[in-house]
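2 protein chains.
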Amino acid sequence: MIQMNIKTKDKNKLENETENQDDQVSQLRQDIASGDWVVIATGRAKRPDDFAKFERVKDDKGIDQCLFEDPVTSGQEKDVLIYTDKDGHWSLRVFPNKFPAVSSAVIAKAISEGPYFSMPGVGFHEIVVTRDHFKQLALMNVLEVAEVFDAFQERYLDLMNKKNVSYIAIFHNHGKEVGASIPHPHSQIIAIPVVAPYVKLELDGAQLYHKSNQHCVYCVMSEYESDCEKRVVFENEEFIAFCPFASRSAFEVWVMPKKHSPYFERITDTEKIKLAEVFSKSLNAIYTALNDPPYNFYIHTAPCDGKDYPYFHWHIEILPHTAIWAGFELETGIEISTIQPEVAAEYLRKQISNR
Amino acid sequence: MIQMNIKTKDKNKLENETENQDDQVSQLRQDIASGDWVVIATGRAKRPDDFAKFERVKDDKGIDQCLFEDPVTSGQEKDVLIYTDKDGHWSLRVFPNKFPAVSSAVIAKAISEGPYFSMPGVGFHEIVVTRDHFKQLALMNVLEVAEVFDAFQERYLDLMNKKNVSYIAIFHNHGKEVGASIPHPHSQIIAIPVVAPYVKLELDGAQLYHKSNQHCVYCVMSEYESDCEKRVVFENEEFIAFCPFASRSAFEVWVMPKKHSPYFERITDTEKIKLAEVFSKSLNAIYTALNDPPYNFYIHTAPCDGKDYPYFHWHIEILPHTAIWAGFELETGIEISTIQPEVAAEYLRKQISNR
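Quick note, the sequences are listed as chains A and B, same order.
Counting from 1, one number per residue, gives the positions in the first sequence under the working numbering.
Counting from 1, one number per residue, gives the positions in the second sequence under the working numbering.
Chain A on its own, in the form it takes in the complex (with noise of 0.2 Å):
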């Protein structure tokens, strides 16, 4: 991790300074979890009304030859998980993907050759799909949407005591334009026998604060924007969702639990509503400012190897596509975002206020 190494100065002050930034052409900011750096270039700004250029996502082959309106018959592998409404109908399903990452069907082992590493790509992927092909997350009430969050958490706690799984990837993917190659709404689970680099980057960042500062930074990052509030985009009593100080792409949100607790999947029902509140008014902004976006999100959570993860905080990351990662961004991991982070809250808030 790259630290700056700075004196604390009188918080007004800052404050100030910091408000002088804005007029430059831009600002470089550290992710102090992390330790990436991004650029905010307020030189190349947009208006946030700018990004609300996108084409609503085609789903160019129709209902009728959709393979998870009805996963069954069109040939999916047997269900792991099923949820019925009350009227018997199913309302979310789990199944193994037909043409998994990787899979259990494989002997987990080392293989070396000449100086390099590989194992056979052992794992878990499965796919979980909700009901209705025309109703995506950022229209779902919070009921539907809690009922999303818990089969990833009965899926996690299932998977999480199988052999190999050192880390269990939960991700959804909104548009062709970032990876949904199947418009019905769905998300993913991969489980992997090593921990997400990523992840990793995060954990070690976490864990240097905290023996640095004796808190844990997300603790920190999430009780600092709740004071602050300009870059809160909505929170309840239980849960914050904000725009990133260093923001890596325009509108990005990060969710996020108040309590600390590196695991997601210790959840509580209670805790869950509360969730699917803050996660679905948040997903719906970004829907409504930026004309249904192609998106991203991901939760980031400790991993599970058997080792505990005391100083990390688990919380959702919710990216909407709005630029291309071109060769600066390849070459340095350092995003170059359009939009500062407290402009992007500002006028998500404003969709959440109006509605």
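Please note that a few of the clues may not be correct.
The list makes no distinction among identical chains, and a pair is therefore deemed to hold if it is satisfied within one copy or across any two copies.
Stated by the list, open to error - The calculated DSBU-like cross-link candidates involving lysine-lysine, where the alpha carbons are at most 35 Å apart (straight line), are:
1) 163 x 200
2) 307 x 350
3) 230 x 98
4) 135 x 307
5) 109 x 230
6) 98 x 350
7) 78 x 259
8) 163 x 78
9) 230 x 211
Read the hints as simulated data drawn from the structure, not as lab findings.
Since we're looking at a predicted model, the values are computed, not measured.
For chain A, the structure is supplied; the task is to place chain B on it using the hints.
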């Protein structure tokens, strides 16, 4: 860096085991320098031909409205470097970007806001333009490509001595899909006050490898690749191009000096010609194999922050745009590639031998 703990076994036995993996669902491979993981998803594999589906990049504005055709009259900033041909016409010019991501007009000063850090986006952002609107790098001859590397070196040597410059990013975007907003062939140079996080990952990995093995990890890699041949695209006495064992994208190619050197800017004129040969053969092979795909390339070289990096080894990474970063990649940093680097390299070699 995540390192697998594997005992060295009999080499032949290992190679056989590796061969047997080919029919399995997928492989997890580790980049021994950066510690990154990739998934080579052979279960979702495509044949090499399947990748050659790109529409050629359309120059929708046409040459008349090109801002780089005649940079002076179209209001670009004053040149910082200009090369002319034997007739006195310009063949290459470098000028500051009119819409810079970072700027030398601001004062470098660390700013804190609550728990966060930022600094003004101080630095230099320049554009390197070659004369012919229609001749992209992949179609240039060796001397023309060498001239581009001449310009990179000359600007690097100037910028590295400027105040607040710790890393100089040199990159090229080809195609609107990967960020080239102006179709006229051009590269970019961005000098920044922090070490790029992705470069830091490689630096740390190379340092750790050197400590454990008393060898440069990239020297080990280039020697092994040259010996075993199967991932080599093209090589001469001085440089080697190969598809890396842990390729992040299909048809990814790295170009590397065979002689150990941390610093791109110390390349000699003779070496530059050798580099241009290997680089242009590789880029042309990608152009032919994938039907003029969008791509990015960039140079990873040691920082110019006043420290020594004897364990590092500069190289170029070429990333054709053959896939979308979806939720899994964004969450984990693990990329899923759908073709084995060995198959990609064989296909690229075929383009070169068919010419």
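How the hints compare with the structure:
For the identical chains of this complex, residue 163 and residue 200 are neighbours both inside a copy (20 Å) and across copies (33 Å), given an alpha-carbon limit of 35 Å. In the homo-oligomer, the alpha carbons of residue 307 and residue 350 never lie at most 35 Å apart, since the shortest distance is 42 Å inside one protomer and 48 Å across protomers. Taking the shortest Cα distances, residue 230 and residue 98 sit within 35 Å of each other only across copies (31 Å), while inside one copy they are farther apart (44 Å). For a Cα distance limit of 35 Å, the shortest separation of residue 135 from residue 307 qualifies neither inside one copy, at 39 Å, nor across copies, at 55 Å.
For the homomeric pair residue 109 and residue 230, the shortest alpha-carbon distance between copies (23 Å) is at most 35 Å, but the shortest distance inside one copy (50 Å) is not. Taking the shortest alpha-carbon separations for residue 98 and residue 350, only the inter-copy value of 33 Å comes in at or below 35 Å, while the best intra-copy value is 42 Å. In this assembly of identical chains, the alpha carbons of residue 78 and residue 259 never lie at most 35 Å apart, being 37 Å within a copy and 55 Å across copies at closest. Within a single copy, residue 163 and residue 78 get their C-alpha atoms as close as 21 Å, which meets the 35 Å cut-off; across copies the closest is 62 Å, which misses it.
For a Cα distance limit of 35 Å, the shortest separation of residue 230 from residue 211 inside one copy, 29 Å, qualifies, whereas the shortest one across copies, 46 Å, does not.
In summary, the structure is inconsistent with hints 2, 4, 7 from the numbered list given earlier, while agreeing with the others.
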